[in-house]
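Numbering of the sequence shown is given in my numbering, commencing with residue 1 and proceeding in unit increments.
These are calculated hints, taken from the structure and not from any lab test. Bear in mind the structure is a predicted one, so any value in this text is a computation, not a measurement. Using N, Cα and C, we set each Cβ at its ideal position, and we do this for glycine too. One thing to keep in mind: the hints can contain errors.
[Stated by the list, open to error] Beta-carbon label-pair distances, calculated as ranges:
1) Asp50 to Leu18: 34 to 40 Å
2) Glu42 to Arg22: 15 to 21 Å
3) Lys45 to Val4: 21 to 27 Å
4) Asp9 to Arg67: 24 to 30 Å
5) Val83 to Gln10: 25 to 31 Å
6) Ala6 to Leu61: 20 to 26 Å
7) Arg13 to Val88: 15 to 21 Å
8) Ala46 to Arg91: 30 to 36 Å
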Amino acid sequence: MADVRAGVDQVDRELVALLVRRFGYMDAAARIKTDRATVRDEARKAEVLDNVARAAEVAGLEPARLRAVWNELVEQSIAYEAVQWDRVRARD
Numbered sequence: 001m002a003d004v005r006a007g008v009d010q011v012d013r014e015l016v017a018l019l020v021r022r023f024g025y026m027d028a029a030a031r032i033k034t035d036r037a038t039v040r041d042e043a044r045k046a047e048v049l050d051n052v053a054r055a056a057e058v059a060g061l062e063p064a065r066l067r068a069v070w071n072e073l074v075e076q077s078i079a080y081e082a083v084q085w086d087r088v089r090a091r092d
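Model the full assembly from the supplied sequences, consistent with the hints where possible.
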């Protein structure tokens, strides 16, 4: 069981590194977008969730489960981007 837990811990570290990259793109989006109202883009959110569901299905995973995980990820990304958008404009 220790090996399994060590493997999970390693994957978690890798996921954190990937999330750092993902949130870096949120930083870029916050700098690029000129209107705060565009931070939340429901069409893009739906596209991301559909992409994840398709990828999950191809990988043999339950699409609904990963869609739920990604829904939270996207919501947290939107919240982060909104904060960054405000910070960028506060410095101007």
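Checked hints:
no. : hint                       : result
1   : Asp50 to Leu18: 34 to 40 Å : 20 Å, violated
2   : Glu42 to Arg22: 15 to 21 Å : 19 Å, holds
3   : Lys45 to Val4: 21 to 27 Å  : 34 Å, violated
4   : Asp9 to Arg67: 24 to 30 Å  : 25 Å, holds
5   : Val83 to Gln10: 25 to 31 Å : 30 Å, holds
6   : Ala6 to Leu61: 20 to 26 Å  : 22 Å, holds
7   : Arg13 to Val88: 15 to 21 Å : 29 Å, violated
8   : Ala46 to Arg91: 30 to 36 Å : 32 Å, holds
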